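Dock chain B against the given chain A, drawing on the hints supplied.
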Amino acid sequence: MARGSKGSKDTKGKKGDKREKREKRPLRKKKCKFCLDRVTFLDYKDERRLRRFMTDRGKIAPRRITGTCAKHQRMLAMAVKRARLIALVPYVREYYR
Amino acid sequence: MRSYECAVVLHPAVGDDGLKTSTAKYVDIIARSGGEITRVETWGKRRLSYEILKQAEGTYFFYKFRGANQLVDELGRQLRIDEQVLRHMIVRDEQAEGNEAKLDPANIEISHRAPEREMREEVEHRGERFERFERHEREERR
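Just so you know, the protein sequences line up as chains A and B, in that order.
Going by this note's numbering, the letters in the first sequence line up with residues 1 to 97, in that order.
Going by this note's numbering, the letters in the second sequence line up with residues 1 to 142, in that order.
The following block holds chain B by itself, in its conformation from the complex:
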């Protein structure tokens, strides 16, 4: 068994009920394939850095779990079928110790984290950028 982390970006039109059903669905898939869920996290609705399927926003979910490789295949297959999913990514969780407490699939607690970035922050950021590099780039484009 290996530790994985799965990131899911859901369509912004999915309502609160839809989000619950969606989470329940993936939790169920993981649990049924013999996986152990260690954490479910959501960031709520957030701006995407680029449009996916004409959508500028998406709802982020992160699932941390342990399981066999067949589980990853199955989960990926289901995510690809789901039309509510704009984007998904399953990666190995390199930080995991492998002994995190297992959550009860029937009663999953979703941790919320506010979306970090706002446009304002992005502008503030620009000041401390790599001016030299930027200048070089601008010259290149000319």
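Only chain A is shown next, with the shape it has when bound in the complex:
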């Protein structure tokens, strides 16, 4: 159903409501957190900081989620990979069910 059409109005307040809301949320441009801090070097020993940019599974979070700029994402990837090598952060973390 096209957005803004009559049909979407009918679904308001019904099941489709949640979805409508999500679509309507204005896109806020994320700022690169490293740029805001004027980071010029990311240390692989700074594990706490690196973890903020990783998922629970241990993956490096993508730029589209964190809003990191390309330059800092490269630095981040390098730092995370180094930290993984010396077991400061995991390569993978499995969940057992």
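Derived by calculation from the structure, the hints in this document are not laboratory data.
The model shown is predicted, which means the values in this text are computed figures rather than measured ones.
Since no wrong hints were added, every one of them can be taken at face value.
In silico DSSO-like cross-links for lysine-lysine, where the CA-CA straight-line distance does not exceed 27 Å: (1) B:K64 with A:K81; (2) A:K45 with A:K31; (3) A:K45 with B:K64; (4) A:K59 with B:K54; (5) A:K59 with A:K29; (6) B:K45 with A:K59; (7) B:K102 with A:K45; (8) A:K45 with B:K20; (9) A:K45 with B:K45.
Quick partial rundown of chain B residues pointing at chain A, CB under 8 Å, derived from the structure: (10) I52; (11) G58; (12) E94.
Simulated restraints, written as ranges between beta carbons of each label pair: (13) B:D82 with A:K31: 44 to 50 Å; (14) A:T40 with B:G15: 36 to 42 Å; (15) A:R64 with B:A24: 45 to 51 Å.
Glycine included, C-beta positions come from ideal geometry on N, C-alpha and C.
The following block gives chain B in isolation, referenced to the frame of chain A:
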């Protein structure tokens, strides 16, 4: 001469004396090969993120030094031979200015830093994670 940083993870069974001997050994290797040590740091025993050689813990050491590339080769070779070393990594120290004060190899002061992370912290962390991404991942796995 280039600035390097060497991270060493030692076996958890190595005692205090062993740690001293180990540090002295690597300091000696660096000094003998014409390197200049600028900093030695330890984090003490800490949980590893994954098991290495069946060990869940390790003692962390960091050496900052300046030296020629042959020194890096030699240090790496020695670290690989050493059975007390679970893991090591030598990387270029990009933050170094190249003019840090040189330490006396015969009288090295080791700076201590408490291990940062505890399990508790990890749990606290989970709240502020990237929920959207996590959801996406979970769906993927299904």
